[in-house]
Amino acid sequence: MTRSLTTPFLVALIMLGSAHGATAQSANRDQVIENFVQADANADGALTLSEFTTLIDLNAQSGIGRAAMIKRLGRYGTAFGRLDGDGDGVVTAEELQALAQRAQR
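Heads up: take any position in the sequence shown, counting from 1, add 67, and you land on our numbering.
FYI, nobody ran anything at the bench for these hints, they're computed from the structure. Because the structure is a prediction, the values reported are computed rather than measured. Where hints are given, some of them may not hold.
What the hints assert, rightly or not - Pair by pair, the computed Cβ-Cβ distance ranges are:
no.	residue 1	residue 2	range
1	169	136	17 to 23 Å
2	136	109	26 to 32 Å
3	154	97	27 to 33 Å
4	108	161	19 to 25 Å
5	139	161	27 to 33 Å
6	139	168	17 to 23 Å
7	142	169	16 to 22 Å
8	155	130	18 to 24 Å
9	148	97	23 to 29 Å
All C-beta atoms, glycine included, are put in the ideal place defined by N, C-alpha and C.
Throw the hints in and build the complete structure from the sequences for me.
In structure tokens form, the structure reads like this:
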């Protein structure tokens, strides 16, 4: 299953998988994208809390970023809440792009 993701969205996904926006290696980038595609059960390009939990679990398995810490501490809801800027229950491409922009400042 392959999906075309926009560059800003890819940057945000990489940052989600990277500790404090550190430059992700190409293998991490590819793995984060693959994990996102797997986690996005309905393929709508946005993540519900359940889908986000799956993404974090997959990223933790892959040793990407802070995912293992989020999983270990059970802080899925906290991490999700920080990304879900408008509080509508899904994390969208726009919200991930906002994360990427904040981290670049």
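Now the hints, each set against the structure:
1. 169 - 136: 17 to 23 Å: Cβ of residue 169 to Cβ of residue 136: about 20 Å, so the range 17 to 23 Å holds.
2. 136 - 109: 26 to 32 Å: This hint holds: roughly 27 Å between Cβ atoms.
3. 154 - 97: 27 to 33 Å: Holds, at about 31 Å.
4. 108 - 161: 19 to 25 Å: holds, 20 Å
5. 139 - 161: 27 to 33 Å: 29 Å Cβ-Cβ, so the 27 to 33 Å window holds.
6. 139 - 168: 17 to 23 Å: Taking Cβ atoms as reference, residue 139 and residue 168 lie about 28 Å apart, which means the hint is violated.
7. 142 - 169: 16 to 22 Å: Since residue 142 and residue 169 have Cβ atoms about 19 Å apart, the given range 16 to 22 Å holds.
8. 155 - 130: 18 to 24 Å: This hint is violated: roughly 31 Å between Cβ atoms.
9. 148 - 97: 23 to 29 Å: Holds - the Cβ-Cβ distance for residue 148 and residue 97, about 28 Å, lies within 23 to 29 Å.
Comparing the model with each earlier hint shows violations of hints 6, 8; every other hint is respected.
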